[in-house]
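Construct all of the structure, not just a fragment, from the sequences and the given hints.
Protein chains in written order, with the working numbering: chain X, 18 to 383; chain A, 139 to 325; chain F, 5 to 262.
If you're looking for bench data, these hints aren't it; they were derived computationally from the structure. Idealized CB from N, CA, C, for every residue including glycine. A hint or two may mislead.
[Claimed, not checked] Below, in silico cross-link-like pairs of lysine-lysine (DSS-like), each with a Cα-Cα straight-line distance of 27 Å or less:
#1 A/Lys-275 to A/Lys-306
#2 A/Lys-291 to X/Lys-59
#3 X/Lys-21 to A/Lys-233
#4 F/Lys-195 to F/Lys-58
#5 F/Lys-201 to X/Lys-211
#6 X/Lys-59 to A/Lys-297
#7 A/Lys-306 to A/Lys-233
#8 X/Lys-21 to A/Lys-297
[Stated by the list, open to error] Some residues of chain X that are not near chain A, with every Cβ distance over 12 Å (derived):
#9 Pro-46
#10 Trp-140
#11 Thr-160
#12 Arg-179
#13 Val-226
#14 Ser-229
#15 Gln-235
#16 Tyr-248
#17 Ala-277
#18 Gly-291
#19 Ala-315
#20 Pro-357
#21 Asp-358
#22 Gly-370
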Amino acid sequence: MSEKVLMKGNEALAEAAIRAGCRHFFGYPITPQTELAAYMAKRLPREGGLYLQAESEVAAINMVYGAAAAGARVMTSSSSPGISLKQEGISYMIGADLPALIVNVQRGGPGLGGIQPSQADYWQATRAVGHGDGHIIVLAPATVQEMADMAALAFELGDAYRTPVMILADGLLGQMMEPVVLPEPLNSADLPAKPWALTGHGNAREHNVVNSLFLVAQELEDSILERWQRYRAIQEKEQRAEKYLTEDAEYVIVAYGAVARIARSACNLARAEGIRAGLIRPISLWPYPVAALQETVANAKAYLVSEFSMGQMVDDVRLALAGSRPVNFFSHTGGIVQTPDELLVALRRLAAGESIDLVPYQSRLA
Amino acid sequence: MEMNIMLAGFGGQGILFAGKLIAYAGLLDGRELSWLPSYGPEMRGGTANCSVCLSDEPIGSPLVTAPDALLAMNVPSFDRFINDVVPSGVVIVDKTMANVCPTRADIRFCGVPATQLAEENGLKGLANVILVGTLLKMTGFSTIETLNAAIDKSVPPRKQELVASNKKALAIGFDFVPADDCLATSA
Amino acid sequence: MNQSSTLTEEAPAALFARPDTLTEAITNYCPGCSHGIIQRLVAEAIAELGVAAKTVGVCPVGCSVCAYDFYSVDMAQAAHGRAPAVATGLKRVYPENVVFTYQGDGDLASIGMAETVHAAARGERITVIFINNAIYGMTGGQMAPTSLPGQVTQTSPYGRDVALEGYPIRVCEMLSSLDGVALAERVSVDKPATVRKAKKAIRKAFEYQIAGLGFTIVEVVATCPTNWGLTPAAAFDWLRENMLPYYPLGVYKDSKAV
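See below:
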């Protein structure tokens, strides 16, 4: 095993992406993902790769489209307002079945919002990452180690299912340092073959076309149905979640990313008081880990969702539980980070039989 | 042992580097740790600060809101965080920059004229490391050997000439004997 | 007079064989449209240079949106205006490949102006074939960034008012100031002589790209008989009378000719 090093989440992800065979990065500066791009700018040229700063996020994602069409393991990273600009390109990549890694180190919105950590792009990532009838795989790290580990996973899933993959992080994970064991570099010979790629036909095959346009309605429907069969396979095989103390949990927190770390502390505090609290941490946000949630229903009396937003993932929890258990909510937004103590108070109130639907302004009013 | 540390001061005082030293010590000791620079709402107020968590368990929130130890290098930082410190927590202040006395009786306080000590010893800019030395002495979060190794690790290769002065600064802080009029008020 | 019909109807098949860089697909261009000629010139240049095996084309949004059906080289379809960015990605992964975009005036000079200018500024080693017919064709004849002052279109029904809508953009002139540009040439295809010149320019652009000299663009002043509301022959007359004075043909930048 290689040694533990101390790295920022943004840098660990960048280094891990290089080790996963990524040699092309196209980006545009934005806080708080800056270190990721800067790391790539420094490292990629030394690996025979390319860092190119595009004139805009729009251009960057379309350069990613081109490089992905050429068959490269390629990525871009940005933060919330920049991801909005990339949505056009992401939609085209979905339509053209192009794999690539898109990192969103979330900050507050709407508009220019703020630069503090946020999870307010959940809906965008899982519901509306571009126009049209499609999805992308969305992975949510909670530690710097996971920031690193997910790079290779994202490329593997993208290549296997021919889809863009997003790592949905936040400013906290991007900026913080933790010990991390970097993955071993992949041998470029082990990267999957891409016979569909635009490499020049070399007089050796029919010419390839990368395209998302189908003017005949039946052809468009057929292409979408084929893609949704892959989505179905993704939903069956690629749900990921971590459970913590859920075996006997009566009160289950559902939280992802940085919030899950805080929730984990809150569970420990609650257990020390005799409240049987547990945590489900969705790791894949699309596909949503419905099965993991449903497995906890038997013992659970109530669920508590916490996010850095006014409540977006909470929709998926309600869908997964389908009314079988009460779903409570507590959040901060705009860059305020909830404390373990706040979640502990929420758990105490649940244990006392109350129900909670608290966003900050309500708690202030109370 | 769990130890949550808040380091705060003006930008340029080496707050982030001081935090990094502590984090590297945690890494070398094989502990769980996190390091988080000024980020988020606590950036308001114009102070640079840094949260470092050391633990034997996985770190929950990397944002330190109730520090076991506060290392403050100016008055605004002291004022800002002093009331967040847990009871019996440690508060270390650069007396040269912040001539303050503890406003609470339930903390362990130490004022170190770190900036002055640094200048007297030809260690300009290393007040931060002097304070880390005092923090080490007062809390025992690691050992002097580990901290010296952490200096070896965290000083960038192109600045190797700074390794010796950093170690000297660490020792000065570690050996500092408080002779402070504030001591009477500390618990 | 009637050059376009002469070219398409009377030339003997033996002299006008389809280059193998084109598929057998029938194009969706309107009768008398310049696209057929220009698309073919590009295909001929690729075939003659012997680079089809390593050529990748990028088609835009516009009338040539389906060009991936017509070329038999590897092809990518790009979002509106983004062809130079997509081409950048393709080229940077395989720098030895020959990469070209084929874009209209709305695609290149309106929604895609940033991508165009910055690809040029970077000296991106791609070849841009720019079809300037002063109108949005596919969507049915709206005002384009290159529509002439006074030109009547669906969205400038009283004629383009420069006080209201500003002035047309001369793309070659503008790009020629950029150091990354190796070749910027404006040609037309309104008669056999200009067609031959256009062919030479397109070929030269590819040669410059292959030599790694920088960004190359060939602007082809073209007709849109359908949306101009003219016969193909009258359209060429209109082009000569109205477009060429505003968009003079010629070489605006040639890094080899000092």
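Against the structure, the hints:
1. A/Lys-275 to A/Lys-306: holds, 15 Å
2. A/Lys-291 to X/Lys-59: holds, 20 Å
3. X/Lys-21 to A/Lys-233: Cα-Cα ~36 Å, so violated.
4. F/Lys-195 to F/Lys-58: Violated, at roughly 31 Å.
5. F/Lys-201 to X/Lys-211: With Cα atoms ~40 Å apart, F/Lys-201 and X/Lys-211 exceed 27 Å; violated.
6. X/Lys-59 to A/Lys-297: holds, 19 Å
7. A/Lys-306 to A/Lys-233: Distance of about 19 Å is within 27 Å: holds.
8. X/Lys-21 to A/Lys-297: holds, 23 Å
9. Pro-46: holds, 17 Å
10. Trp-140: holds, 22 Å
11. Thr-160: violated, 8 Å
12. Arg-179: Non-interface label stands for X/Arg-179: nearest chain A Cβ at 35 Å, farther than 12 Å.
13. Val-226: holds, 45 Å
14. Ser-229: Check passes; 38 Å lies beyond 12 Å.
15. Gln-235: The assertion about X/Gln-235 holds, with a minimum of 52 Å to chain A.
16. Tyr-248: holds, 33 Å
17. Ala-277: The claim breaks: X/Ala-277 does not keep its Cβ more than 12 Å from every Cβ of chain A (closest is about 9 Å).
18. Gly-291: holds, 20 Å
19. Ala-315: holds, 27 Å
20. Pro-357: With a cut-off of 12 Å, X/Pro-357 comes too close to chain A, as the shortest Cβ separation is near 6 Å.
21. Asp-358: The claim is violated: X/Asp-358 sits with its nearest Cβ about 8 Å from chain A, within 12 Å.
22. Gly-370: Nearest chain A Cβ is 26 Å from X/Gly-370, so the label holds.
In summary, the numbered hints that this structure violates are 3, 4, 5, 11, 17, 20 and 21.
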